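Student: Single-letter residue listing:
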Amino acid sequence: MIWNRLYLIYGIVVVLLLGAGAYRGWSFTSVNEVKNVPRSIRDNPGSYRAIYASYHHYTGGK
Amino acid sequence: MSPSPPGEPQVQTLACPHCGAPLTLRSMGRAVSIVCDRCHSILDAKDPQLRILQRFEAATNAEVPLIPLGSRGKWRGSVYETIGFQERSMEADDLPYSWREYLLFNPYKGFRYFTEYDGHWNDASVITALPEVQAHSAKYLGKKYKHFQSCSATTTFVLGEFPWRVTVGDAVAVTDYIAPPYVLSSETAGDETTWTLGEYLHGADIWNAFGLPGVAPRPVGVYENQPSEIRASAGQIWFAFSGLFTAIFVIFTLSQLFSQREQVFQESYRFSPSSTEASFVTPEFELKGRSSSVEIRTETDVSNQWVYLNYALIDQDTGRAYDFGREVSYYSGVDSDGHWQEGSQQDRAVLPSVPAGRYYLRIEPESDPSLGLIGYTVTITRDVPVLEIYLAAFAALLLPALLVSWRTYNFEQMRWAESAHPKRSFGGGDE
Chain A
1 MIWNRLYLIY
11 GIVVVLLLGA
21 GAYRGWSFTS
31 VNEVKNVPRS
41 IRDNPGSYRA
51 IYASYHHYTG
61 GK
Chain B
1001 MSPSPPGEPQ
1011 VQTLACPHCG
1021 APLTLRSMGR
1031 AVSIVCDRCH
1041 SILDAKDPQL
1051 RILQRFEAAT
1061 NAEVPLIPLG
1071 SRGKWRGSVY
1081 ETIGFQERSM
1091 EADDLPYSWR
1101 EYLLFNPYKG
1111 FRYFTEYDGH
1121 WNDASVITAL
1131 PEVQAHSAKY
1141 LGKKYKHFQS
1151 CSATTTFVLG
1161 EFPWRVTVGD
1171 AVAVTDYIAP
1181 PYVLSSETAG
1191 DETTWTLGEY
1201 LHGADIWNAF
1211 GLPGVAPRPV
1221 GVYENQPSEI
1231 RASAGQIWFA
1241 FSGLFTAIFV
1251 IFTLSQLFSQ
1261 REQVFQESYR
1271 FSPSSTEASF
1281 VTPEFELKGR
1291 SSSVEIRTET
1301 DVSNQWVYLN
1311 YALIDQDTGR
1321 AYDFGREVSY
1331 YSGVDSDGHW
1341 QEGSQQDRAV
1351 LPSVPAGRYY
1361 LRIEPESDPS
1371 LGLIGYTVTI
1381 TRDVPVLEIY
1391 LAAFAALLLP
1401 ALLVSWRTYN
1411 FEQMRWAESA
1421 HPKRSFGGGD
1431 E
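Heads up: the sequence lines are chains A and B, in that order.
Numbering-wise (our numbering), the first sequence opens with residue 1 and increments by one.
Numbering-wise (our numbering), the second sequence opens with residue 1001 and increments by one.
Worth flagging that the hints you see were computed from the coordinates, not collected in a lab.
Accuracy of the hints is not assured; some may be wrong.
Covered stretches of chain B (chain A as the covering partner; in silico rule of three or more C-beta atoms under 8 Å from a C-beta of chain A) [what the hints assert, rightly or not]: (1) 1080–1088; (2) 1279–1293; (3) 1321–1335; (4) 1395–1407.
What you are looking at is a predicted structure, and each value in this text was computed from that prediction instead of being measured.
Beta carbons are placed, not taken as given, at the ideal position from N, Cα and C, and that holds for glycine.
Could you build the full structure based on these sequences and the hints that come with them?
Tutor: See below:
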């Protein structure tokens, strides 16, 4: 009997988290958050070092 | 004889006519057989001379009762004393199985039994009403019991006293019917059939009631009438799942209805992979309202080509940036298998919980310098529904429910594997 109570509590937490996520717009996209980016980037975009710039690109095809 | 409180068992001391060892007679006039625990003579308790009925050789590792004879405990409101012990054996698939039976006595309530097999215990009593036996079941007091197994059980060891003529080597035909936590058993010897009703119990309850030292042996495997604690919960868990799933659906519907899907930016660009400096920033745009999801959709004209876009969504006022990269690639062609294609010319990324503010996007495209111009359009929309979180919530609710069902299924498989009707497939019936 304890299992169904535990499940119900767990399920309610999941639904509440879902409600909060739906309201706040949560998603699973991997994003790197960077703080205090200098305003000078507007004038010199090349001065910003993109986190993902060294990504290994797929150049395949069949 | 020492005086005992009313309702409590009384004892009488005798001597074994074979070895002279003292014998304790606990059930008074009810005993028919008594066993000398020193020389293993089975004596006729009704005979004033204690005539020897049988002598048996006990192995040096003979069973020692887990509940010592003479132990007293309060059980179901009455004081019972353990007066007899026997081990019985059967064979199934050429393998011997043994279980132990403890005979309990109260002068007012009579006899009852504790049976034990691999740490699984039952509290059993002889019933007087006759169950209605059907093909693969039996009905008793309106409850249906499923046939579990039939076997021949032989008494292999005895100690103490018994209200029947007991001998080692006694064989009876035993049939068990189950409705967990109950087991209905018939024992037939000759023309006589005795029915008992047992209820599964935890050894710890016996240890507590009889004040036994140590702890009860840990049960091994699943016993025939062992109740599945999780099975009782499975139905309620699925009921809860249906309610919670409805809640998810309601949230999803509300989200679909009230998401603003506000497009805040759209612009088309062309990119030359051979250019030396490709990074640039977009004009400023505003995200209004509460923190919400922000969708960055990229539509390109790549064909047998790839483009990688380093994006940074930057809050102009706070300097906070959301940095991420997206690859868009699309390949197609024709070979011996026909037309093929891989990838897509479009991409969608949804940034989580972006606060309101004035933003701009830094874009730095990359591609193979040997390739030609690439055209692409970037569209930014705030407050879009994110389907993934609903799928994740659904999975988070479904998996535990499935796990409970799987454990219930496994439990029943293990139970019936020991029966005459092993279950062989998911959802399959007997045999």
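Student: If a hint holds in the structure, say so; if it doesn't, say that too.
Tutor: Verification of the hints:
1. Coverage of the segment 1080–1088 of chain B by chain A is violated in this model, with 0 residues showing a Cβ closer than 8 Å to a Cβ of that chain against a need of three.
2. Coverage of a stretch by a chain is defined here by at least three residues with a beta carbon nearer than 8 Å to that chain's beta carbons; for the segment 1279–1293 of chain B and chain A the count is 7, and the condition holds.
3. For the segment 1321–1335 of chain B, the proposed coverage by chain A is satisfied: 10 residues have a C-beta within less than 8 Å of a C-beta in that chain, meeting the threshold of three.
4. Proximity of the segment 1395–1407 of chain B to chain A, defined as three or more residues with a beta carbon under 8 Å from a beta carbon of that chain, is established by the 5 residues found.
Checked against the numbered hints listed earlier, the structure breaks hint 1 alone; every other hint is satisfied.
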